[in-house]
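For the record, the sequence lines run as chains A and B.
Going left to right, the first sequence walks through residues 1 to 247 as this note's numbering numbers them.
Going left to right, the second sequence walks through residues 1001 to 1248 as this note's numbering numbers them.
Each hint should be verified, as a subset may be incorrect.
[What the hints assert, rightly or not] If you anchor each label on the Cβ, the simulated ranges turn out as follows:
#1 R1136(B) x P103(A): 26 to 32 Å
#2 E1107(B) x D14(A): 58 to 64 Å
#3 A1095(B) x G101(A): 22 to 28 Å
[Stated by the list, open to error] Simulated crosslink set (DSS-like; lysine-lysine; CA at most 27 Å straight-line):
#4 K80(A) x K1149(B)
#5 K1200(B) x K104(A)
#6 K1149(B) x K100(A)
#7 K104(A) x K1157(B)
#8 K1157(B) x K100(A)
#9 K125(A) x K1200(B)
Hints in this document: simulated from the structure, not taken from any laboratory.
All residues carry an ideal CB built from backbone N, CA and C; glycine is no exception.
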Amino acid sequence: MELLEVRNVSKSFDGRPVLEDVSLTLRKGELVSLLGVSGGGKTTLFHIISGLLLPDRGQVFLEGEEVTGQPGKVSYMLQKDLLLPHRTIQDNVALPLLLKGVPKKEARSRAAALFEEFGLGGTEKLWPSQLSGGMRQRAALLRTYLFSQNVALLDEPFSALDTLTKSAIHRWYLEVMERIRLSTLFITHDVDEAILLSDRIYLLSGQPGTVREEIVIDKPRPRSPEFALTDEFLAYKRRILQGLGQY
Amino acid sequence: MAAVAILLLVWQGVSVAGLVPRYMLPAPVEVLQAFWKDRGALWNNSLITLQEAGLGLVCGVSLGFLFALVMDASPLLYRAFYPILVITQTIPTVAIAPLLVLWFGYEMTPKVILIVLVTFFPVTVGLLDGFRSVDRDAVGLLRSMGASKKQIFWYLKAPSALPQFFSGLRIAAAYSVVGAVISEWLGGFGGLGVYMTRVKSAFAFEKMFAVIFLISAVSLLLMALVNGLERLAMPYRKVKQEEREDSQ
């Protein structure tokens, strides 16, 4: 059974179609990327999967159960870390638990148990403004994880980071993902990032956006940064750029 | 601070040199003497004024909060109320205060009502701005976590509005003292405003100046209190400021 399935989703805003008949799946432990040009409806698709928006047509299933239009089922992380400035890191991270009605003390201790794992040891009592961009993203990811242990939707989570921080956080993310067995649906417009991280890539393009192609990256993870310098990598890249009509 | 000291020195000089007649502009030292001589009356009247200002401020802030809450919840009510609120602020306080005295007598009530009228507005406007400044993506994030409207309000909107709320509150605190003094001036039995009318008719200008300074001091004190509350309510802001100073 698929962990997450999006079936024939279409959506338009004010008569302007944004998504047309999009279907995709995510299996347990997989990292799947949605790759496409900006404004191609990727974020709209995430809003639909996370239940913030209702599709005009189509459905979303989580572990076989329909969750279309129901927020609070899958966790969602954006490019902006959206840590609340008025809460300490531990209280930011514990937020999803508090929203579910977990008592504050228990929420904090459940969060505290994961701080080391996420490389955030010692930051519990700090304010978000005291953390670097990379650390903030880690905290945001821990918050995402505490919300839902099975599926994470990441909307260009690393695109605001500089290249070096980005490649470090990629490696770190894959490690953590492996350990905590997090399944991830990942939006990016960075082709290299998608090839380096993903098990599969969906190419989303056109107006309205639709899935053009599904590409399986047949290479065990984690992949070293050197992989980006191989012919194999370039072959994938060529195929993707052709698929997106950019080549 | 230095500017204030220089100003006082110049004033003293002008007064001592006799450039302006004493009865029109008493020297700072005389003002200080008047202040000390009349400290008992000033203290008692200050208490009355502060009591009115405090009560009016609490009521005004509560009302302002209520307005902001209702108007934020419903765009229709926002459009309906906003012009009315603006109009209440265009009514000159000196015109409405005697009317309030006529309707409610010389006791506390008309004073508190006047203070409520002048203090609720900055609080309402501040809060409304604050609520609207909330990050829409953050609202989306909380919704995606299954947060209810109430939770979004308490976890996100209310804390986000704190800076604007405190800006409004600072203004309201200053207005509350001035409002109390004006309404006492226009009809009352006690308070710094009544004291002012008395020393004015006695042409005791040094006392007049003493009470003016006292009123300023009380306003500043209230504003300092608001600043203190602000720092307590938003400890994360202090951190940011310190870091900014470090990096400079």
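Would you check the hint for K125(A) and K1200(B), treating anything up to 27 Å between C-alpha atoms as holding? Roughly 57 Å between the alpha carbons, so the hint for K125(A) and K1200(B) is violated.
Hey, K104(A) versus K1157(B), does the alpha-carbon distance stay inside 27 Å? Holds: K104(A) and K1157(B) sit about 20 Å apart, inside 27 Å.
If you check the beta carbons of A1095(B) and G101(A), does the distance land in 22 to 28 Å? violated, 53 Å
Holds or violated: 26 to 32 Å for the Cβ distance of R1136(B) and P103(A)? Taking Cβ atoms as reference, R1136(B) and P103(A) lie about 30 Å apart, which means the hint holds.
Between the alpha carbons of K1200(B) and K104(A), is the straight-line distance 27 Å or under? Judged against 27 Å, a Cα distance of about 60 Å means the pair is violated.
Given a hint of 58 to 64 Å, does the C-beta separation of E1107(B) and D14(A) actually sit inside it? holds, 60 Å
Between K1157(B) and K100(A), is the straight-line Cα distance small enough, at 27 Å or below? Distance of about 18 Å is within 27 Å: holds.
Measure nothing beyond the straight line between the CA atoms of K1149(B) and K100(A); if it is 27 Å or shorter, mark the hint as holding. Distance of about 13 Å is within 27 Å: holds.
Satisfaction of hint between K1149(B) and K80(A), Cα-Cα up to 27 Å: With a Cα-Cα distance of about 22 Å, the restraint between K80(A) and K1149(B) holds, given a limit of 27 Å.
The structure does not agree with the numbered hints 3, 5 and 9 stated previously, though it agrees with the rest.
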